[in-house]
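S.K.: For reference, the chains in residue letters:
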Amino acid sequence: MNAHKPIREVMLAAVPSLRAFAISLCGNVDRADDLVQETLLRAWANRKSFEPGTNMSAWLFTILRNLFRSEYRKRRREVEDSDGSYAESLVSLPEQSSHLEVEEFRKALSVLPPEQREALILVGASGYSYEEAAHICGCAIGTIKSRVNRARGRLAEILSIEGANDFGPDVETRAVVNSDTTLVRS
Amino acid sequence: MNNTKASRQNAPMDEKNPVPKRVPKLGPDIKAKIGTQLRAMYGEVVAQGVPERFKAILEGLTDEQDQAPVDREAKGGDPANIAGEPEIGGNPKI
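Quick mapping for you: the protein sequence lines, in order, are chains A and B.
For what it's worth, this note's numbering labels the leading residue of the first sequence as 1, then goes sequentially.
For what it's worth, this note's numbering labels the leading residue of the second sequence as 1001, then goes sequentially.
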């Protein structure tokens, strides 16, 4: 039966970017891969609810995003504290991303509130339009725009990007990123 | 120096309000730098392609595999609600 072959192919083709999205969201490769797996299984089980002619990749992103958010909330409830369980769960990625700048950037990204993080990734890295990102996140376009803007502003602060200053965070910023996890909620 | 700036510019967390109260203006150079880093981070993962694990999963999908079996976490109910999350917009702060 080849009826679903195209779907499977589209899903396969979407895996690399789904992983990139998931890893950017949760900062942990193992968790991210579980998230992608769950996304694929759910998408397959619910493939009849996919509307042909619409963007399947965006549909998959939506599923992944919602899975992440409900898991995140669950965890949040379990570890109901303000000390940033997310940051704790953030383990250093394996050697494949040994690139220091990228590592620092990941850390900085992890400090952002999740809704800002997802908006920025969707628009700035996944290549979705504001409109598509709004659809994926289930909010208004204006909301996405303002989240992306805030995310950029926050990253610029954390990474002290200012004029001539280059990207490398100084010791101070590193300390903030590593220890002051309350920033997540500020 | 950065410290004072950071504390002053802490963005308001009023996520439900689509109109930001005051978002600091960011120059195109800053946006570009962040964009470059963001894509580098993302691209690093994309470049890894499709790990075997996922190929196997996709190959293993069968036509029989419909709704029920995978929804082990769905709390009964709306099959259209694929991710088991009733509302997505306007989340309360988490």
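Think of the hints as simulated: they come from the structure by calculation, not from any bench.
We put the beta carbon where it would ideally sit given N, CA and C, even for glycine.
It is possible that some hints are incorrect.
Below are the BS3-like pairs computed for lysine-lysine, each with C-alpha atoms no more than 25 Å apart in a straight line [stated by the list, open to error]:
| no. | chain 1 | residue 1 | chain 2 | residue 2 |
| --- | --- | --- | --- | --- |
| 1 | B | K1031 | A | K48 |
| 2 | A | K145 | B | K1055 |
| 3 | A | K145 | B | K1033 |
Okay, the calculated bits of chain A under chain B, using three or more residues with CB under 8 Å as the criterion [said to hold, decoys possible]:
| no. | stretch |
| --- | --- |
| 4 | 49-55 |
| 5 | 100-112 |
S.K.: Quick check: which numbered hints come out false for this structure?
M.R.: Violated hints (numbers, rising): 1, 2, 4; every other hint is consistent with the structure.
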